[in-house]
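S.K.: Listed in order, the protein sequences are those of chains R and S.
Using the numbering used here, you'd call the opening residue of the first sequence number 271 and step up by one each time.
Using the numbering used here, you'd call the opening residue of the second sequence number 41 and step up by one each time.
Please keep in mind that the hints were generated in silico from the structure rather than gathered at the bench.
One or more hints might be untrue.
As the list claims (entries may be wrong) - No farther apart than 16 angstroms at their CA atoms in a straight line, the calculated lysine to aspartate or glutamate pairs in the EDC-like style are these:
id: 1; chain 1: S; residue 1: Lys92; chain 2: R; residue 2: Asp605
id: 2; chain 1: R; residue 1: Lys608; chain 2: S; residue 2: Glu42
id: 3; chain 1: S; residue 1: Lys67; chain 2: R; residue 2: Glu520
id: 4; chain 1: R; residue 1: Lys608; chain 2: S; residue 2: Glu86
id: 5; chain 1: S; residue 1: Lys52; chain 2: S; residue 2: Glu64
id: 6; chain 1: S; residue 1: Lys92; chain 2: R; residue 2: Glu607
id: 7; chain 1: R; residue 1: Lys608; chain 2: S; residue 2: Asp85
Stated by the list, open to error - If the Cβ cut is set under 10 angstroms, some of the chain R residues that face chain S in the computed set are:
id: 8; residue: Arg587
id: 9; residue: Glu590
id: 10; residue: Gly609
Yeah, the Cβ is synthetic: ideal placement off N, Cα and C, and Gly gets one too.
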Amino acid sequence: MTTKSNKPIRCVLVLGGGIAGATVAERLGRAGLDVQWVEKEPVIGGQAAAMGCKAADVCLRCHVCVATDRLKAALHAPRVRLNTRSKLVALVPGNNGAAYRVTLRTEPNIIRRERCIGCGLCVAVCPEHCISVKYPALHGGVPVLDLPLCRRTRDKACDRCAKACPVQAIDWKEPTQNRELDVDAVVVATGHEPFHPGPMGTFGYGVIPNVISGLDAEHQLAGQHRITRLSDGSAPRRVAFIQCVGSRSEHAHRRPEDTNYCSTVCCAYALRMARRIQHDAPDTSVTVFYMDIQNFGKDFESFFAACQKTMTFVRARPVEIVAGSEGAVVIAYEDQEKGAVNKAEFDLVILSIGIRPAPAARALADCLRLAVDQEGFLGIKGTAGLPQTHCRNIFVAGTCGNPQDIAATIGQAEAVCAEILKQA
Amino acid sequence: METILCKDLDPKFKFDVAAYPGGENIKLCYACGTCTAACPVAGIDEEFNPRKIIRQVLLGMRQQVLKSPLIWRCIQCYACYATCPQNVKFRDIIQALRAMAVKEGHVDADRLKDVKEVNSLAVKIQQNLINKLVTDKAAYAAQKKRFEEVNAN
Ligand SMILES: Cc1cc2nc3c(=O)[nH]c(=O)nc-3n(C[C@H](O)[C@H](O)[C@H](O)COP(=O)(O)OP(=O)(O)OC[C@H]3O[C@@H](n4cnc5c(N)ncnc54)[C@H](O)[C@@H]3O)c2cc1C
Ligand code: SF4
Ligand code: SF4
Ligand code: SF4
Ligand code: SF4
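Isolated chain R (complex conformation) (with noise of 0.2 angstroms):
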């Protein structure tokens, strides 16, 4: 329950640099809040920012660029102070009528995007290839350094990044720094896991080639605006899309907790990947094997209906897929009609994974004292509304707290703004 503070709200923190903290940031930060913004990664993103564009002759709305537009505004809003690859350590009551008072631990970003700027050169000397560009659309050419990679975080020497730059971007010197401060609220908006088909053995991911995740083909997309088989390059002529993977099932993913539920996304992203598919190459041929097709959104309809019309449903979940020849992929199925087991060779399968919470979550919980669904997701959740937290002025946007798709997530964390909004 969030009971009326005395204070008015003046400063909040923001925990979680994806689509649904970003839109929390801008909108208190142009409301004239005080926002301490936290990512754990170098770069804020998340998960959308790293997705495709799927539209095909028109827009199909899968709002990828819609969450990129939102992060940019919010890296520029007023008032936001961003704090990468920080993270939460302590949350206890707070002074002077202040809700809390968090101790935030900020790790060197070691290369300064403040005076970087975005020549690459450190990427191309790095012996290690450990600097890369995340982001581009989000970020420019600013890169960042993977540290466990870096021959130095091995004990090695190395400083030819830093010898190469040349403003003096990068910083072995800066010292990691624990900051108290004082908020007045908590937005929880650290986002989710996309599953991991690694544990569904039977399924080839990781062993066979073209066997990819939606996750794979999303980052594809973004990456070289078309999917493709990883063992060839090549343009797959027969793609299938197998549904619910890592979603409604008990067994899935022999993990301790409850995965059968509905990820809500991913049939609606397999969807416009598959006609982006046949808008590039109209002679692909695209099978959907699924349990139920999930419809949300008053348009869902009729782009199923045109779905139907150039693709194939198979209502079955298959039991294994097995390589076969010359890079193909052979999945085995119950063909309901026949009522007898059928083998179907494709060139490409796309598992279409869906949202887990994120392993982190639990001790997120705990530092927060916060409450934690029966799935593993952030907040205890009613018939209506958002999520509760039993905690006062603590809230949660996103997927920490729902499998929800971008536009959701976007309509959320507006929620959560307005119900601060009403107390600042």
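With chain R fixed as given, assemble chain S with the ligands onto it according to the hints.
M.R.: Positioned in the frame of chain R, the structure of chain S with the ligands alone reads:
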């Protein structure tokens, strides 16, 4: 297409199956067919289909299911059980159906024992063939032919 007459259906059937230990998840079935695709018996026997048997139970086809020889063909291997996304435990449902078939007088109680005997005989035949395969390929081919001839009758 098979015609099913409502007057022949017993809506209580699925509750009776669900009341048996191991049968409790039958109503969760998605009809996704993973069990059938995984089942080694369905792989060689087009008549045997776990998903269909579950549908028949849910529809209430009590007489057809319990009288049918199909429920005795399962080899209790757990493949359906391990792959089902809804933890329907079809292997255990087969046990429930067999117990009900006995209880409701469709077969005599010896059937349960006899089927166990058949299963262990089948495993012995498999062992025999595999041992020959490993030690003596010619003997394996001869033995296999013999079993195939016996099996054809
Ligand atoms: C394969 C796939 C395809 C998808 N395709 C689409 C699509 O086409 N259209 C669509 O609308 N939706 C799509 N979605 C859903 C979409 O990804 C989510 O709706 C969206 O990313 C949710 O944003 P978020 O801010 O809640 O979380 P995230 O994007 O996960 O962002 C969370 C951020 O918080 C940071 N963080 C985590 N923990 C901490 C911490 N303790 N402290 C500080 N920071 C932290 C993370 O590093 C990350 O930057 C797809 C999802 C998947 C899995
Ligand atoms: S060399 Fe320096 S300025 Fe150039 S991209 Fe690297 S950090 Fe930025
Ligand atoms: S959205 Fe579709 S693919 Fe994803 S879990 Fe739900 S039904 Fe399965
Ligand atoms: S695998 Fe499970 S859910 Fe799917 S049809 Fe078989 S029993 Fe039903
Ligand atoms: S337990 Fe029976 S029904 Fe299940 S897979 Fe094995 S043989 Fe088939």
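S.K.: Enumerate the violated hints, using their earlier numbering and listing them in ascending order.
M.R.: No hint contradicted; all consistent.
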